[in-house]
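Next come the chains, spelled out residue by residue.
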Amino acid sequence: MAESVEKVESNSDARRRILNIAVSTVLLETGFEAADKMSLETLTEILQCFLTEVGNAARGYCELSGRVEPVLSDIVMALINMGINFHNIEQYAARPNRHVIQPPQQAPSPRTPAMLSAGSKAKLAPHIPFHLPPLPDPHAYIRTPTHKQPVTEYEAIREKAATQKRDIERALTKFLAKTSETHNLFNTEDNQVFPLIACKPTFPAYLPCLLPTDQVFDFDELEYHFQVANRTEDMPTDKKDQSDNEGENGGDNDNANNSQSENQDIPTALSPERSKAGG
Amino acid sequence: MCCVIQFSCYIGTPEFNVQYMLISGMVSSLDSMEEDNGAGHALSDFLLQLENYNPSIPDSVVAYYLNTSGFESQDPRLIRLIALASQKFLSDIANDALQHCKMRTSSQIAQSSKNQKGPKEKKYVMTMEDLVPALQEYGITAKKPHYFV
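These protein sequences, in sequence, are chains G and W. The opening residue of the first sequence carries number 1 in UniProt numbering; numbering runs sequentially from there. The opening residue of the second sequence carries number 1 in UniProt numbering; numbering runs sequentially from there.
By construction, these hints were calculated from the structure, which means they are not laboratory data. Note that the structure is a prediction, hence the values are computed from the model and not measured.
With a straight-line Cα cutoff of 27 Å, these simulated DSSO-like cross-link-like pairs (lysine-lysine) come out:
| no. | chain 1 | residue 1 | chain 2 | residue 2 |
| --- | --- | --- | --- | --- |
| 1 | W | LYS102 | W | LYS123 |
| 2 | W | LYS143 | G | LYS37 |
| 3 | W | LYS122 | G | LYS37 |
| 4 | W | LYS102 | G | LYS37 |
| 5 | G | LYS165 | G | LYS148 |
| 6 | W | LYS144 | W | LYS102 |
| 7 | G | LYS165 | G | LYS200 |
| 8 | G | LYS178 | G | LYS165 |
| 9 | G | LYS37 | W | LYS123 |
| 10 | W | LYS144 | G | LYS37 |
| 11 | W | LYS123 | W | LYS144 |
| 12 | W | LYS143 | W | LYS123 |
| 13 | G | LYS200 | G | LYS178 |
| 14 | W | LYS143 | W | LYS102 |
| 15 | W | LYS122 | W | LYS102 |
For each label pair, taking beta carbons as the anchor points, the in silico distance ranges come out as:
| no. | chain 1 | residue 1 | chain 2 | residue 2 | range |
| --- | --- | --- | --- | --- | --- |
| 16 | W | HIS41 | G | PRO126 | 47 to 57 Å |
| 17 | W | SER44 | G | CYS49 | 24 to 34 Å |
| 18 | G | HIS127 | W | ASN54 | 41 to 51 Å |
| 19 | W | GLY139 | G | GLU63 | 22 to 32 Å |
| 20 | G | LYS37 | W | MET103 | 19 to 29 Å |
| 21 | W | ASN54 | G | GLU69 | 22 to 32 Å |
| 22 | W | ASP75 | G | CYS49 | 18 to 28 Å |
A short list of chain W residues far from chain G (calculated; beta carbon distances all over 12 Å):
| no. | residue |
| --- | --- |
| 23 | MET103 |
| 24 | SER106 |
| 25 | SER107 |
| 26 | GLN108 |
| 27 | ALA110 |
Note that the Cβ used here is the ideal one computed from N, Cα and C, for glycine as well.
Turn these sequences into a full structure, and let the hints steer you where they fit.
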């Protein structure tokens, strides 16, 4: 609010300054070398009021006679009404020492930068007059679908699901083969060509059969319980020592379960599977 | 003269009487001053000369102040005429103030015998002392504040 007020005032200040310069020019032509600040301001004020008054009166006369555009006679009547003598205005116009002030430069209006504009604005339709404002960005009123209609065919979906499952299995087995321990098919030391995920048997192998467990309703939940319950990364060190034994067994169980669920090509040890089914 | 205005509801008011006198005065002056061809004709001729003439005040500034009072004209000659009239008005006031200034300084020169500067080289400064009486003759009363707060 204050900025707009300041801008308006600076615009009128620029014109006021031009009037100041004009008054100074007139005083110079008259023969004065200098002028008092107050007298200069007084004369500027007089000039501004004169222009406004002539405009007002001329407009009044113009509208009084039923016109909209003022004519010379309206100005003449306004000047007469104010008591201004304009008979020798021609001689005044032809005076020798005339100074002409440059018109003020048009300051370039600050264009708001076209930020946040996406795409080019569409042209106005021919039935819209051209003097109306331009259309907004096309994304504001044109609906463009962002994605294709999903495929709902049963065959395509089955195929997609199967492909996805196969890709997941392949990726996970590759990952485990690279990171965890591997078995060698051949009798070489270094095996990079056909890595097999090592199967770690638990010790003792008959222990899960002997230990009684509750009935398992959901094997996924059981697996999850083992994975979460034996996590030691976040626990403080003293508690870590307590759960060390459980961690080892749980870790072995985890590796065994993981290797079984993801690697079905390799003949797995059957005892952990049986313990799962029997427990 | 093209300014024959119909004052149908205006008749009888004191303003109408003044205007009527002014118009009739102008009409009578039309008859008397044949060599001038009437003020209106002279001005309409002068308007043609104004096309190439640039008064001291720029057109855009004058047009702005005229627009603030509702006067909109597409003809630049009318605007230049108004600018010229205002300029002449100011120069008349300035001339009167110069006369006052010269009277005052000439009286000072006459009083002081030892004056190194010649009267022609005297620099004239416009002050409120000269301006106020000059404005008084035109009916404009400008009062100077006695003190500044």
